[in-house]
Amino acid sequence: MRDFGIVFKYELRQQLGKRTVQVTTLILVLIALVATSFPRISAMFSSDKDGQAAQADTTLTQDVGYVFADDAQRQAYTDLLGLQEGNQYAARDDLVAALKEKALKVGFVFTGDTSFETIYQDKGMEDRYESVLSQLVSQRHKDALLADKGLTTEDLAAIEAFAPDTTTTVMGKNTENNILLSMVLMVMVYMLVLIYGNTTSTMIAREKDSKAMELLITSTKPTPLILGKVAAAGVSGIVQFGLIVVAALGGFLFSQDYYSPMVRQMLLGSLSQSYILTYLFFSITGYILYLFLYAALGSTVSRVEDVGSATAVVQFIFIAGYVASTFVMNVPNGPVSVATSLIPFTAIMVMPMRAGLATVPAWQMIAAGALMLLTVALFAWLSIKIYRWGSLNYGNKTNIFKVLKEALRPQRRAKA
Amino acid sequence: MQLEVRGVTKRFGDKEVLHGINFTVQSGRAMGFLGRNGAGKSTTIRCLMDVFHQDEGGFYIDGQPLDITKYRVGYLPEERGMYQKHTVLEQLVYFAQLRGATRAQALATANYWVDYFELGEYKKKKLETLSKGNQQKIQIAQSFLNEPDILILDEPFSGLDPVNAQVFKDTIARFVSEGKLVIFSSHQMNYVEEICDDVTLIHQGDILLTGDLEQIKRELGQNKLQLRIEGMDDAALADALRVAFPDIITLPHEDGLILDTQNRVTQQQVLDHVNRQGWIIHHYGLYTPSLNDIFIAKVGEQA
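Going down the list, the sequences are from chains A and B. Counting from 649, one number per residue, gives the positions in the first sequence under my numbering. Counting from 1417, one number per residue, gives the positions in the second sequence under my numbering.
These are computed hints drawn from the structure, not numbers from a lab. Misleading hints may appear alongside valid ones.
Unchecked claim - According to the in silico footprint, chain B covers these stretches of chain A (three or more CB under 8 Å from chain B): (1) 649-657; (2) 898-910.
To be verified - Sample of chain A residues at the chain B side, in silico, Cβ under 10 Å: (3) ARG661; (4) GLN662; (5) GLN670; (6) ARG722; (7) ARG854; (8) GLU855; (9) PRO872; (10) LEU873; (11) LYS1033.
Claimed, not checked - Using 30 Å as the maximum straight-line C-alpha spacing, the simulated DSSO-like pairs for lysine-lysine come out as follows: (12) A:LYS657 / B:LYS1541; (13) B:LYS1501 / A:LYS657; (14) A:LYS657 / B:LYS1633; (15) A:LYS869 / A:LYS750; (16) A:LYS859 / B:LYS1633; (17) B:LYS1633 / B:LYS1585.
It should be emphasised that the depicted structure is a prediction, and the values quoted were computed from it without experimental measurement. Glycine included, every Cβ here is placed at the ideal spot set by N, Cα and C.
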């Protein structure tokens, strides 16, 4: 226990003391804070709604030219838009000439009550003048038709706004409400495992690469070494992601009034105590399980550059779990969902997802939790054995079966 | 304290690299563990350090099976390596703590040895920024942390310049004088000869000889003379002497021909013969083999 503490503190200090980790964390925290505060920030910059409206009103008058089909139409649009003399041209050729001289951005040539041509000299990506005029022409046409029937626009809006009076009661979980948060949390676990799994295996491979391993295993036993390293990598990952979550939560709480009610419901609707506990239990235990796997595989290679190929099998299993959890979104209580939520390697993401989207029977939750704990213990023990064996297996090409066979071979000791 | 290596056998797959080796090491007497590349020195040391597990036999200390974790052991592996990206002092403190020191003790011992090797200015530098020689000194310093009871050093002189080698020799001598148990392997016979009281010679997984170095020298020098004559090469001298003394064995040597009298010819008979022949003696004396001679002779016998 004493040596575990020494290894843990040393590795944690090294991990969190890295300038790259500190800078990356700071950047990610700021991004999380700004991203979740975005609705409030954007509201601050869009407070001058009258000004915007005024600007919108000038869309069809500023640097825009018109050729009307007849005088009645000219009069109607002049009144409607407040057109000046400078906006109006007698013929299409005059309008085109003005466009060529860059006196105008866009020109419209009406060929009837509801038909017009749009002419640009140069059209930018954002230029949508014809759409704005189309809406105006449509609205005028609609108003005219309604007037023929003795109706107003407000009458039509009232008819379209009708909805039956219904009430929906959800006895269990509301997938619609919970899916956003579940997905966000799943992606976080995915990133946490991949980033810190690779960090752990690289950390151990580097010790072999630099030949520090022999000093370590002759200074203490493999158990505190591997447990200390995994715990340090695990805690540094949780600290880093925890800071990002706190920043994101802070940004959200700071700006929650600026989120639409639907988004608020989707984010806060799932935050029950039982969901948080389920998420934390399976994410953290599953994360530890994967860290042990990554640590064991990191000790089977001699060079840091071989870590990727050695850990590919674990990444494949983990990504399979990720894919399974996306499948769960559609059928949270289907047989595949149930099976993958019980298997510890996939339960890390599938069970929290199921718990967010559906009501999981208690026996399944207990069985999955027990299996997860047993598997973590088994793989912790196995990783100690593999680490001990792998610590001095330099250069030899190996495979997982040979590693297990050699690592589990009983060792003899001197007898008195 | 007496360390006994008893019948240690080690196999890697089908290949047996140690064939039931036996030797003993006494505390207060430095033991040089010699052998060619691949002879089994590092494997023996790694078995002793419990890095490898021997297949047969064992290590005993004062008659009891050795549990290496119960002793303060300073170990310098053949494969040098520490954390390149970590600072010098922090990793020395870490290793000292892992070997049982409190943080305060670890700081004290780490500071002491870094200063001892005159590397105080590098305490807060990353190891990778030090020269190879200074990195080697840090490696050696880590093996001295916590005042070890047992020192096991695998090729400690490699990479050291003569000045640092002298500092290191003095340190080893200090540990020996304090009654510590010291084993080190080396190819550099002159260093071993200077420092060691005992030697063990291993070749292809077998112990060729082991024991007190002076006694070994005396035994191997018994009945041997060394002679060089002015104006005569050693081959001609050997031919001439074999005619006069058919029972003697002659061996070429860079310092003069070695005559193994087999205890059948006396020194006086040889000198009388030289005088009768009117040869002028360039060098004459009792032959005491150097460790290098012993090594070459013993390993050569096995070749």
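- 30 Å limit on alpha-carbon distance, applied to hinted pair LYS657 (chain A) and LYS1541 (chain B): Cα-Cα ~20 Å, so holds.
- Can the hint on LYS1033 (chain A) be confirmed by a CB-to-CB distance to chain B that is less than 10 Å? Check failed: Cβ of LYS1033 (chain A) comes no nearer than 13 Å to chain B, outside 10 Å.
- Message: Between the alpha carbons of LYS1633 (chain B) and LYS1585 (chain B), is the straight-line distance 30 Å or under?
- Response: Holds, because 22 Å separates the two Cα atoms, which is no more than 30 Å.
- Query: Minimum Cβ distance from ARG722 (chain A) to chain B below 10 Å?
  - Reply: violated (79 Å)
- Keeping to a limit of 30 Å between CA atoms, is the pair of LYS657 (chain A) and LYS1633 (chain B) held or broken? violated (53 Å)
- Message: How does the stretch 898-910 of chain A fare against chain B when you require at least three residues with a CB closer than 8 Å, holds or violated?
- Response: violated (count 0)
- Taking 10 Å as the limit, does the beta-carbon of PRO872 (chain A) come near enough to a beta-carbon in chain B? Because about 8 Å separates PRO872 (chain A) from the closest Cβ in chain B, which is inside the 10 Å limit, the hint holds.
- Query: Is the Cα-Cα distance between LYS1501 (chain B) and LYS657 (chain A) 30 Å or less?
  - Reply: holds (17 Å)
- Item | Residue hint ARG854 (chain A), partner chain B, criterion CB-CB below 10 Å | Hint holds; ARG854 (chain A) Cβ to chain B Cβ min 8 Å, cut 10 Å.
- Query: Should the hint that ARG661 (chain A) touches chain B count as held when the rule is a Cβ pair under 10 Å?
  - Reply: Holds. Min distance 8 Å.
- Task: With a cut-off of 10 Å on the beta carbons, see whether GLN670 (chain A) makes it to chain B.
- Result: Violated, because the Cβ-Cβ distance from GLN670 (chain A) to chain B comes to roughly 15 Å (cut-off 10 Å).
- Message: Interface hint check: GLU855 (chain A), Cβ to nearest Cβ on chain B, cutoff 10 Å. Holds or violated?
- Response: holds (8 Å)
Comparing the model with each numbered hint stated earlier shows that hints 2, 5, 6, 11, 14, 15, 16 do not hold.
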